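*Asks:* Each chain, letter by letter, is given below.
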Amino acid sequence: MRIISFGRRAARLAAVSLAVALATTACASDESTSKGSAGADTSGDTVKVGVLHSLSGTMSISEVTVKNSVLMAIDEINAKGGVMGKKVQPVVEDGASDWPTFAEKAQKLISGDKVAVTFGGWTSASRKAMLPVFEKNKQLLFYPVQYEGLETSPYIFYTGATTNQQIVPGLDYLKAQGKKKIFLVGSDYVFPRTANKIIKKYAAANGMEVVGEEYTPLGHTEYSTLINKVTQAKPDAVFNTLNGDSNVAFFKQLRSTGISAADMPVLSVSVAEEEVRGIGPDYLAGQPVAWNYYQTTEGARNTEFVAAYKAKYGADKVTSDPMEAGYNSVYLWKAAVEKAQSFDPEAVKKACDGVSIDAPEGKVTIDGATQHVYKTARIGVVQPDGLIKEVWNSGAPIKPDPYLKDYPWAKDL
Amino acid sequence: MNAFMNQLPIGLSIGAVLLLIALGLTFTFGQMGVINMAHGEFIMAGAYTAYMLQDWAGRQAVLVALPVAFAVAGLMGLLLERTLIRRFYGRPLDTLLLTWGVSLVLQQVARDLFGAPNVQVKAPTWLVGGGEWLGIRMPYARMFIFVLAMLSVAAIWFYLSRTKQGRRMQAVMQNRELASCSGIATSRVDQRTFFIGSGLAGVAGVALTLIGPVGPALGTYYIVDAFLVVVAGGLGRLQGAVIAAFVLGLLNSYVEFWSDASLAKVVVFAVIIGFLQLRPQGLFVLRSRKLT
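Top line first, the protein sequences correspond to chains Y and S. For the first sequence, this note's numbering gives the first residue as 1, with consecutive numbering after it. For the second sequence, this note's numbering gives the first residue as 1001, with consecutive numbering after it.
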């Protein structure tokens, strides 16, 4: 049959292209080892910085907006004279939702473009892929997204929330609402699995019961079976760590079963304003989310941020937590560089402790020991207009605790 | 038991989705042997058509979009066939790479036109929610997709077996040389086949807005499943695609119910690989006197 011979040929072709791809990556990493650590080139009157996000593929839905806000921060800084008298010149690279690509592009930014710092990454998988590159080259990465904690790297600054600034407050909120039985739904990769490990510990120590735990591959769009399982388990609430487009399918299909947010709230940690628009407020209104920033967060600095973003990218655009964290990253780096009076990563690291900026979410301060930032936790509820209204906040910025050392129940994580 | 019964309509509705996305491919891949990797992007084009029509059709956009998306995706398919694919007939590997490239280009075009984030398509209010019969919950959107898939199958069956054009299409597919000798303008038939196949992808795209994301990467989520159905069902066989879609849907729903979504995917792939070892030609074989 023709089809079979074709199949074999296709397989062979695929094998050849795979081999070629492997060979090229191998070359790339050879090159990187031979070059070793490449210092940033700051001799001219400009300083290059890397911006590395997925501009294509499944994660681009979220990451493009972070790239936009990072570029906006750079423009603002340049308009006010740059960093230590030098104009900041962004070099934008596409991580293509593919984790090895993130590592390759990071290496390219460091040794090819000689950037002073890189802002980028979204999924934990991409961060974990880039981590060895930045550590080996002793260069800095600012990572702007909430993540699963249990990590510190001497060359990474985490400007999004760690678990005790988002997931733990989210659980506290559910507990305060009297939710006893929770069902865990997540995408099948490192963030949801680690987050759920923490949630199970918390539940055990706080008299809550985990009645189900389900994972689906990234990009999964068929949720009817999973929703059937959820309804069979009859939880009081669902803790949702799905990421990317899956959220759209999950909420659309959940809504059509007639279960409302009042019967069984679904607390999400990866659904912000941008995602709400893609899913549709029809399907989401009333559902709780946990973040550190909302477009509606009060304060003059945020009004200014939202107005500037809309002026630059369109009046119909929204701002979200990771975008704000990406925007903050640039200002935090600038403040640390100016405090250190040097672009040298080691000097910046040394100077970073206590560096503080007035951010749209309020005051954020770098904790030098963990290179995370102090952030205020906020629980919000999705409104019919697609924005998120804050219903609870932690009052003051919470000290980052990536290993949950101050939480007795998290002892043997 | 109740849970078990609930999985049955779920499996059927997964099957209906699979069928809907695969129907177009039974034309272009099944009938013409063109491996069109851009098929997923025609699905995407259909979904964006519904999005665009919202401006004046409001919540009923999904209904209005069905015929419009058929035309839009169909014309895109026709354009692709006329400008590129027809130069590559008989070179399946080159077509594969070519259409894959086209699919990447189309994704980027969508990203530039509509932005990278997902967009929102509002479902008609009568399609939101669901009803309960005999203790089994059925979302209205799922029932709509099921009915749409069945109507499409009926329409295709009628077209292929009861109209002159459809019979010509079958003749070309079964033996191109002989059909050509008999005076059938095979090139025109090819155009028509491609138009209908791509148009059906557009219809699927509109239906998918009810249950899934609408974004530039939409097509990539469904393209592999669509090929699986067509290959397992037997190339160019309508009844094969129907049976394969429902068998895969049910298999998926039950395996996922007893394990999880990742394992269900693995099991479905494993079953298809095993099945194709036993019956490389798929469920239904087209018998003809062709010498290949």
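No lab work stands behind these hints: they were computed from the structure. Any given hint might turn out to be false.
Taking beta-carbon pairs under 7 Å as the criterion, some of the chain S residues facing chain Y (in silico) [unchecked claim]: (1) Ala1154; (2) Arg1162; (3) Gly1215; (4) Ser1259.
Residues from chain Y shown here face chain S by an in silico Cβ test under 7 Å; the list is partial [claimed, not checked]: (5) Ile61; (6) Asp188; (7) Gly212; (8) Gly219; (9) Ser224; (10) Lys252; (11) Ser256; (12) Ser260; (13) Ala262.
The calculated lysine-lysine pairs, modelled on DSSO-like cross-linking and capped at a C-alpha distance of 30 Å, are [stated by the list, open to error]: (14) S:Lys1265 to Y:Lys389; (15) Y:Lys200 to Y:Lys411; (16) Y:Lys234 to S:Lys1164; (17) S:Lys1265 to Y:Lys310; (18) S:Lys1122 to Y:Lys229.
Predicted, not measured: the structure shown is a model, and the values here were computed from it. For glycine and all other residues, C-beta sits at the position ideal for the given N, C-alpha and C.
*Asks:* All hints are to be evaluated individually against the structure, with a verdict given for each.
*Replies:* We went through each hint and held it up to the structure:
no. : hint                  : result
1   : Ala1154               : violated, 24 Å
2   : Arg1162               : violated, 28 Å
3   : Gly1215               : holds, 6 Å
4   : Ser1259               : violated, 10 Å
5   : Ile61                 : holds, 5 Å
6   : Asp188                : holds, 5 Å
7   : Gly212                : violated, 11 Å
8   : Gly219                : holds, 6 Å
9   : Ser224                : holds, 4 Å
10  : Lys252                : holds, 5 Å
11  : Ser256                : holds, 3 Å
12  : Ser260                : violated, 10 Å
13  : Ala262                : violated, 15 Å
14  : S:Lys1265 to Y:Lys389 : violated, 38 Å
15  : Y:Lys200 to Y:Lys411  : holds, 13 Å
16  : Y:Lys234 to S:Lys1164 : violated, 56 Å
17  : S:Lys1265 to Y:Lys310 : violated, 42 Å
18  : S:Lys1122 to Y:Lys229 : holds, 27 Å
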